[in-house]
Amino acid sequence: MATHDAFREETCAWLEENCPASMRTPMAEDEVMWGGRKADPKNPDSKLWLDRMGAQGWTAPMWPKEYGGGGLNKEENKVLQEELGRIKARPPLFSFGLWMLGPVLLEYATEEQKQQFLPQIVRGEIRWCQGYSEPGAGSDLAGLQTRAIEDGDDYVINGQKVWTSYANYADWIFCLVRTDTSTKHEGISFILFDMETEGVTTKPIKLISGSSPFCETFFDDVRVPKSQMVGRLNGGWEIAKKLLQHERTNISSGGFGASASAGLEQLVKDHVGEEGGRIADPLMRDRVAKQKMTEHAFSLTVRRATEEAKAGGEVGAASSIFKYVGAEMNKSRYELLVEALGDQGLGWEGDGFNSDELNVTRQWLRSKANSIEGGTTEINLNVVAKRVLGLRDHQ
Amino acid sequence: MATHDAFREETCAWLEENCPASMRTPMAEDEVMWGGRKADPKNPDSKLWLDRMGAQGWTAPMWPKEYGGGGLNKEENKVLQEELGRIKARPPLFSFGLWMLGPVLLEYATEEQKQQFLPQIVRGEIRWCQGYSEPGAGSDLAGLQTRAIEDGDDYVINGQKVWTSYANYADWIFCLVRTDTSTKHEGISFILFDMETEGVTTKPIKLISGSSPFCETFFDDVRVPKSQMVGRLNGGWEIAKKLLQHERTNISSGGFGASASAGLEQLVKDHVGEEGGRIADPLMRDRVAKQKMTEHAFSLTVRRATEEAKAGGEVGAASSIFKYVGAEMNKSRYELLVEALGDQGLGWEGDGFNSDELNVTRQWLRSKANSIEGGTTEINLNVVAKRVLGLRDHQ
Amino acid sequence: MGLVLTEEQTLLRDSARDFIQDKSPVSAFRALRDAGNEDGYSKELWQGMAEMGWAGMLIPEEHGGLDFGFQGMGIVMEEAGRTLTASPLLASVVLGGSAIVLAGSDAQEKDILPKLATGEILLALAVDEGAHHAPERIMMSATRDGDGFVLNGEKTAVLDGHIADKVIVAARTSGTPSQPGVTPEGLTLFVVDGDAQGLTKTRRDMVDHRNSDTLTFDNVRVSADAVLGGVDEGGHLLNMVLDRGRVALAAEMLGSMSQVFQLTLDYLKERRQFGQLIGSFQSLQHRAAHMFSEIELSKSAVLAALTAIEEDKANASQLASLAKAVVNEAYHLISKEGVQMHGGIGMTDEHDIGFYLKRARVTEHALGSTKYHRARYADLSGY
Amino acid sequence: MGLVLTEEQTLLRDSARDFIQDKSPVSAFRALRDAGNEDGYSKELWQGMAEMGWAGMLIPEEHGGLDFGFQGMGIVMEEAGRTLTASPLLASVVLGGSAIVLAGSDAQEKDILPKLATGEILLALAVDEGAHHAPERIMMSATRDGDGFVLNGEKTAVLDGHIADKVIVAARTSGTPSQPGVTPEGLTLFVVDGDAQGLTKTRRDMVDHRNSDTLTFDNVRVSADAVLGGVDEGGHLLNMVLDRGRVALAAEMLGSMSQVFQLTLDYLKERRQFGQLIGSFQSLQHRAAHMFSEIELSKSAVLAALTAIEEDKANASQLASLAKAVVNEAYHLISKEGVQMHGGIGMTDEHDIGFYLKRARVTEHALGSTKYHRARYADLSGY
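Chains as they are written, first to last, in my numbering: chain X, 46 to 440; chain F, 46 to 440; chain U, 16 to 398; chain Y, 16 to 398.
Be a bit skeptical, because a hint or two may be false.
[Unchecked claim] Label pairs and their computed distance ranges (CB to CB): (1) F:A73 x U:D82: 52 to 60 Å; (2) U:A211 x F:G322: 54 to 62 Å; (3) F:T228 x Y:E285: 32 to 40 Å; (4) U:P40 x F:D266: 32 to 40 Å; (5) F:G322 x Y:S189: 18 to 26 Å; (6) U:D233 x F:A73: 36 to 44 Å; (7) U:S42 x F:D85: 45 to 53 Å.
[Said to hold, decoys possible] Capping the alpha-carbon separation at 20 Å, the derived lysine to aspartate or glutamate pairs in EDC-like fashion look like this: (8) F:K133 x F:D85; (9) X:K251 x Y:D233; (10) X:K335 x U:E344.
Think of the hints as simulated: they come from the structure by calculation, not from any bench. The beta carbon of each residue, even a glycine, is placed where N, CA and C say it ideally should be.
Using the sequences and the hints, build the whole thing.
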């Protein structure tokens, strides 16, 4: 259509002018732009690219313009994504605000809250973290104990969260708190606050992989204005579930091993040898094919679900399968790689190993969390059995 | 010891004289001697051999002489078994009476009952079947509904049993009946009766493998004298459990695929080819080795349990593992064979297949029952989890 | 992308489902088996299928077919698979029909397609020569003899071979065996009359009671116009035909496994033990959820492969191997779990689930085992 | 049969357990790791072990050892495995010690064994040359040079190689690579001083923080009396030594996996979710019961292999491959399930279970992966 041709032309021209050359190259993990007050990108172009895209609203192309979004319709967004893909532009912003918080704010927040928070998210000014899990409430998220008690115009919050992703780098937190102890799911509220508020402390958790992407977060008499609660008092569980769906979809489709997805075959060939273009060891070759076939069928299933959703079907249930299959698939990919690389896939650090090899070790360890974070495999199977298959608990 | 040398000499001489030559050859499945009133062995030596061994009490070598047994002690029995093995003598009798009923009669029956039933079992005069499972009570055995109601000196029995092995060939049945409906486990009694009693009918069940080793058995106002109840009224569950232990041990150690145990490698070699003595296909070779290794480790474990029992340890718990592992192992053996034989392992009958091949098909189908009969795999895992590992149900 | 049915396809599915459920429930297959039917299919049912237009689904309209496309074929196969419908759909319509449509000369098309479209004649494809699918290893010889050829050798696992009016047979006119992912060279396909002199057709009694037959060629003489496609050029054609067969079979298997799963799920919701529905036991729930996810993956692989063939995509072979291998594994698992979850009743001949178990292994094996298609997928993917 | 411990062995086990639990809990290993200890073991602990007599368990009494036998060695390894005790037991006592005891000349025995028995010196065995265990593929060259030999090549995955006072190295004096189950020909073993000229020892920092080192031989000259056993006859000796190592390692792994399982079982009985102990969820119960059965099978395989080696049975190699493969698979599963069942806490460095996961993969791989030992078992079984 003529209108889209025009839009494509404009977009193309704008990108040409505004996307720095260094933002058109592949991105290492430590070059990811997460935004926020503490952002300190090693490449200044990252900041430039974010600022320009943020000003256009194109970090959130389909959000309404009034909240800083791009205001694009589906077709325009498709054009934008195509053009970004064409020039291999880096994503300007990675953000829990964009992926998780934003969508629920659009649905549940007051007009004032939207005005306050959405534009900041679009521009990447505030980096958000998620205060969900607690030490005693992992899979049983609704068992949370962090208390928020009314005191004048504020809530006073006491308790502890755990597995808060990058809490030590975050500016604000969206947090589930208990506002009624007499009931379980109906006593939870959803509230936002600044991590610099007095009484908030964080402590990174060191993982078996050696990295510390998560924190323990402690709240000691933290005062939060009532105006920062989203949705109604004790109505937080509904919001929490919606947000989890966004998280699961994100973890399963985008989150896993996308960076390592290229090269399984090549790494195996390099380490077990090849003969006439084939992986020399027939057993390894069979297992690589099995792994690749699962990944292929999985990606076709993600595509099918998207098509079905477009065609008006329901997606909710399928997203639970993605999480389960995606997690187990990613774990088996790294077990396979470790096996294929042998000693070279079990290095910790030092000269004895190249960076690909060390990456395999770390990703292998990291992958073990795939079936725990954002809903364990067991929880996901429960959900499929009950919601999709209609099996019931003991009566 | 001198005494055993003497016993060995006597035994050796007796066997030499009494074991017919044809009873020292390998036995096909249809040559098994099950005894009983309807026994009709194709080889008359089978009857002769049973009669002679029965008269000696050596079908039950360690049962007391007063009940027809051999009255041997452990060491003497060991000598007897060694001598039987040396001349490759066939077992004179296969019998649920010997394996299952006898041991519990020795423990629970009255003196009169022992006098009446045990000698018949030893001599193979009566073939027994087992009336346990019911259509509504499979894994949940204690949920049985077959009613026995007191009427004068008798019980009158109504109900239905299923999976009664060879009920159509059996003379008597040992049967679990409900004598109290107000409670579950404490309302069950253990009773014996003749299958020719009025009101007993049987109907063979055709299985997917084409054979019919089991029956449905119906009881319609069957009158059984009270004197044929074993143990106390409503005390049958304890006996039932004891008896099941004998059954499980029997199914797991002896029952599975012993006959087909030789030749997995050879069958695979024959059907997928060999190269330099190796199975030509490395994937098949790997899977055969995996299967054989599990079988090897399993047989070592059975041996270890026996040694531990001799050394005074407990065996009870281990027998549940045997059933689970044995069943799954046997099923995977036949899946492997079917895969290796391809089309030739999927024949039903006719000239297109040799008898080894047809045997693979039938045994593959038959093996599917291994994880169902005598306690399903699920029940066995429950038992291990609870009794051995001490995990508890929801509270 | 074709991973969702169009409106037209949905209509086709509904009518196929109605027809199959009405005319060919599992009890129809059971009756066929119990009667010891030597044809391995019901002529009456086949007549009805032909009237539905299914015999001509892949045949151009000019030759009397519907030309509904390969996706439509997959839809019908899936519905037929649900009830284990025995019919010549796979052997005659998909394998035989595709071969003629893809490579038939004008004369061959005119001779065969109109009668094929009405279901009047049946075709079969003879490829394998051992107990395992291995089109690359064909050794049957076709020797030039004057204008024609003389065929010698034995073919195994010929689906519906003994009832075929014409057999399309792959034989070696030159060259040597190759690897799974490599197009075999030196093969030629021939269309041979079912009653040709020197051809012996023997029905084998398989565990699934369907037709997988042995054909012996003893100096069978054919004329030059029996060649389908070019001499020595049959490898590529055979690949294309087999891929169509694999994907159609995968669609059938998808229908069967969906049905086994449904039967099992129903049973989990109805059978009580220990005072509870057995479907409320978590370990069975998790296993059921896992099976469901395998079905979902299978469905995507089958739909993608059907589309790739319909649209003649470059990766059609890769997707065919993907679909067959993924479906093989899923049906294997689900047929096993189905029997186990049914307990004793699942072991009886009286219950339908045993039929699915038996058919599962035969179809798993037919046109390439999981192992075969993994190796082929790897070959096609360059590792 | 030796599948049950004797009274004497039970006493040994109890004293080993007491010592290990007291002197070498997992926290000791953690402290070693946190300190970035470059030796990879605690000298003080090793002194204590030597005082227990463990350094001399396999050494004849005439050379100052205890000669407790291989079953006793297995018992100590299993207990050490429970707490992930880092020590030279495997490399020096089992691999190095066995080599000398099995094939040492009088001079070599007198020179090495007494000091080995007191723990005063440490040995290591250098076999592999790539990322995978493959003693059959040894290519490192030993060239005759006057009375002696010159060694050139690189050895990888040398357990405790960089701390060894003497290295026993396998090099090729003739012949070519063979298959896993076939005794390699043309190999010779040499005893080389750890500080020999031309020998470079580099510690690699492995995920389990234990020693698996790289040794480079650059024109290392050794005299004729460095030969262990006969020239060109090292293959059989190497097999015997490696089998001892494999079985001892399997015993260590059995201890580790038993501990992981115990930790997990304890957690299942203590952690609550949804108001229930997580161990009351049936799906976890079934998985736990399955793991238990794998441990039982592993235990039998390890005990049988220990006995076969102790009694020098003909099937010792077959049982060694059985034990290593069965234990590999079981530890793999249990270490994975252990982390999963612990949930988030299991992912933290603070929790011990991660150490077991990391050690599991390294030990699984060391001295032969599952795949390697399956192939070897098949070879030894004649198929």
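Hints versus structure:
1. In this structure the supplied range 52 to 60 Å holds for A73 (chain F) paired with D82 (chain U), their Cβ-Cβ distance being about 58 Å.
2. Taking the beta carbon of each, A211 (chain U) and G322 (chain F) are about 43 Å apart, not inside 54 to 62 Å as hinted.
3. Between T228 (chain F) and E285 (chain Y) the CB atoms are about 34 Å apart, so this pair conforms to the stated range of 32 to 40 Å.
4. At about 39 Å, the CB distance of P40 (chain U) to D266 (chain F) agrees with the hint of 32 to 40 Å.
5. Between G322 (chain F) and S189 (chain Y) the Cβ separation comes to about 25 Å, which falls inside the hinted range of 18 to 26 Å.
6. Checked against the hint of 36 to 44 Å, the pair D233 (chain U) and A73 (chain F) passes, with Cβ atoms roughly 37 Å apart.
7. A beta carbon spacing of about 37 Å between S42 (chain U) and D85 (chain F) contradicts the range 45 to 53 Å that was offered as a hint.
8. Taking the CA atoms of K133 (chain F) and D85 (chain F), the gap is about 23 Å. The hint is violated against a cut of 20 Å.
9. Between the alpha carbons of K251 (chain X) and D233 (chain Y) the distance comes to roughly 41 Å, so the proposed pair goes past 20 Å and is violated.
10. For the suggested pair K335 (chain X) and E344 (chain U), the alpha carbons sit about 10 Å apart, so the restraint of at most 20 Å is met.
Violated hints, in rising order: 2, 7, 8, 9; the structure is consistent with all others.
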